[in-house]
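Novice: Going down the list, the sequences are from chains A and B. Note that the numbering used here has the first sequence beginning at 145, numbered continuously upward. Note that the numbering used here has the second sequence beginning at 1040, numbered continuously upward.
To be clear, the hints were calculated from the coordinates, so they are not data collected in a lab. All values derive from a computational prediction rather than experimental measurement. Warning: the hint list may mix true and false statements.
Said to hold, decoys possible - Computed Cβ-Cβ distance ranges for the label pairs, DEER-style:
| no. | chain 1 | residue 1 | chain 2 | residue 2 | range |
| --- | --- | --- | --- | --- | --- |
| 1 | B | D1363 | A | R281 | 46 to 52 Å |
| 2 | B | E1499 | A | R164 | 47 to 53 Å |
| 3 | B | I1531 | A | R281 | 52 to 58 Å |
| 4 | B | Q1288 | A | R281 | 36 to 42 Å |
| 5 | B | G1124 | A | R281 | 23 to 29 Å |
| 6 | B | R1318 | A | R288 | 23 to 29 Å |
| 7 | A | R280 | B | G1352 | 24 to 30 Å |
| 8 | A | G290 | B | T1075 | 57 to 63 Å |
| 9 | B | R1298 | A | G269 | 50 to 56 Å |
| 10 | B | A1073 | A | A242 | 52 to 58 Å |
| 11 | A | R281 | B | R1481 | 32 to 38 Å |
All C-beta atoms in this analysis are idealised placements derived from N, C-alpha and C, irrespective of residue type, glycine included.
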Amino acid sequence: MDLSSFPTGGGLPAHARVLRWRPGLGGAQHSEIFAPGNEGSGAAVALALALALDAAAADEARSLLWVQDKAALRLTGRPYRPGLPASLRSRVIHVAAARPEDALFALEEGLRCRDLAGVIGEIAGNPRALDFTASRRLALAAERHGTPLFLVRLDAARDLSAARMRWQVRAAPSPPPRWNAQAPGRPAWRAELFRARVHPPGEWILHRDEKTGLIASAATAPDRTEARVAGL
Amino acid sequence: MAVWLPRLAIDRWRRLQGCAKGEGADAVPLALIAETAHGPRIEAANDAGLEAGARPGMRLADARTLCPALRVAPADPEGDRTLLGRLAVWAQRWGPWAAVDPPDGLLVDVRAVAHLFGGEPELLADAETSFTAQGFTARLAIAPTAGAAWALAHHGPERAILEPGGDVLARLARLPVAALRLDPEVLLVLRRLGLRRIGDLAGIDRDALKRRFRDRVAEANPLLRLDQLLGRTPEPLLPVVAVPPALVQRRLLEPIRHREPLDRVVADLAIDMARELERRREGARRLELGLWRVDGETAFRTLELAAATREPGHVARLFAAKLDDLEAGFGIELVRLRAAWTEPLAADQADLAAAEAPGTSLAVCLDRLAARLGPDAVRRPVPRASHLPERAQRWQRALEPEPASQEVLEFHARPLKLLDRAEPIAVLYATPDGYPRQFRWRGGLHEVVRVEGPERIAPEWWRERGSTRLRDYYRIEDREGRRYWIYRAGLIGDGRGGIPDWFLQGLCG
């Protein structure tokens, strides 16, 4: 398959194809994040990635659309304002969709809006509405309008998708905090990039805090070959 | 012409209840109350309530001792004022302009109008009949000046008419000084001076009155009020101007039975509405679409917009989504679009950059979401002053301004997400008051390796029942690294239940 005929993600030059991913690196407008439904890591990583992109672009106070379908809402609850990152607290607009179809509609409308900094979606499982066609629509809308989309898939199998970057995320033990070694520290996640258009796959431990932003430290050496870089 | 509605608040309440005078809910003693610093005070009472002894200005507790069966409803001064404004517009049927005389009166200019009704007595009779038919008690009077008309309506005989010319002062001399529209403090001063009637004031030297009352405000200056009453000084009044809502309609030659032409008519109406609103420099927040069918049936669709707009394409698109379940029957012959709620929106220059940029604006996006998912699905979290985590945030419409709030206390770590309802978990612990060791949630076993807590949050005693238990919150991390926010409801031996239960309320990032 001749990959050069496909539109490239964010107009990256050809040598970026072998660039290893690092926080704040754009290029993918539509990312999928697979996460277990019994922890908050999926939404947390989506937020962290969105904020890293946001800081890289411009620190405008544009809103962030957060769409949840009913199953995702029941599984992991609603966003809680006092617990959100401080820069996001007044910027989140939440959409509670009854069905996955409505959630996909809301995601697409959000992507078409030029006043949004990004769109975060949470959809539980593998609903019939979210097939390859739907994800292709989302990817095209995200690329056309330049609004990043982070779709969190809770308890989902890795199905066929047009997402430009696909992550598998779960919580990782946090580093001990400075003052109380018995307490949970700043959040850490083990994130595996298993499919990407422009980056080689890899596995990182991600941290985020308010001062330093998103930090990725290598978890293990990437054991996959360069041949699987450009999987759709 | 002055109109005094002495029972305005009670009459309005009766209209809202939909009952006639002395029937239904009006048959039992009732008082409208306002909350004051010294407890509820009666603002108005109905006939049965007045008979039972309740008087306006009385404390509710006093009235209850006279009549324990007295029922109460909250007074609504704001609503009364709005109604008075609408009545002033309605009262323009008797004269070219009308002004509101708060709190319970109207002033209508009937100069050179009375012959249209057959004379001034007939005009007054007509006005009184109309007010009575609407369910209002009204006292009316006609006089050459607004002050004299007011005095006669409040303190004169029924349907008094004061002919112009002659000695006005002599004819009004018997009225009490309260007819001069003065403040209660000034009335008290006048009473202490022994001046009870308007005639008493007229007998005093003008200079003496001027020395005693130096206030420039008319309400505190009897001399100024007297001059206004006699027409010696002008008294400007502010007339009420009716602003009809923007309304466009299409009468259709051939009744519409299909969807496509209807969409075109709605799009045309949206364009007409945009022109009309542009002329008024307004944008619509709520639009009502009315459809009249040939067989007399009507259908209404209401649209609420997140921000004021008059963009025809956007409006037509949103209405199109609402017309799917419409029954056309034998056809629709009249389509009407009305802007029920508008906000000022200045005419702005077409933004070339925005027109070229693909995508929609935030308000348009939110409107589309609300039109499909319902207005309550698109919301924004805002803080609320409460210690309880689930009450500490409130949801409001996305584009409403954020209410002012106190700074958040940053030393408490809070979870990223909160479950709608805290889920019970089974916890293993070494001691009942100690740290949790292990818990089972949704069938999975979690071994707690790191804990921070407890953070004790006491129930809000000013709001909750006395048996509510306090909560001890723990931020925990299990062996896999998953972080949760759990709490124990109550303590052992707090006398509010048995062994305390544990709940999982939040998921940390």
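Novice: Taking the hints in turn, state whether each one holds.
Specialist: Status of each hint after checking the structure:
1. B/D1363 <-> A/R281: 46 to 52 Å: violated, 22 Å
2. B/E1499 <-> A/R164: 47 to 53 Å: At 52 Å between Cβs, range holds.
3. B/I1531 <-> A/R281: 52 to 58 Å: holds, 56 Å
4. B/Q1288 <-> A/R281: 36 to 42 Å: holds, 39 Å
5. B/G1124 <-> A/R281: 23 to 29 Å: For A/R281 against B/G1124, whose Cβ atoms are near 52 Å apart, the range 23 to 29 Å is violated.
6. B/R1318 <-> A/R288: 23 to 29 Å: violated, 37 Å
7. A/R280 <-> B/G1352: 24 to 30 Å: At roughly 27 Å between Cβ atoms, B/G1352 and A/R280 fall inside 24 to 30 Å, so the hint holds.
8. A/G290 <-> B/T1075: 57 to 63 Å: The hint (57 to 63 Å, Cβ to Cβ) holds, given that A/G290 and B/T1075 are roughly 58 Å apart.
9. B/R1298 <-> A/G269: 50 to 56 Å: This hint is violated: roughly 36 Å between Cβ atoms.
10. B/A1073 <-> A/A242: 52 to 58 Å: The hint (52 to 58 Å, Cβ to Cβ) is violated, given that B/A1073 and A/A242 are roughly 43 Å apart.
11. A/R281 <-> B/R1481: 32 to 38 Å: holds, 33 Å
The earlier numbered hints that this structure contradicts are 1, 5, 6, 9 and 10.
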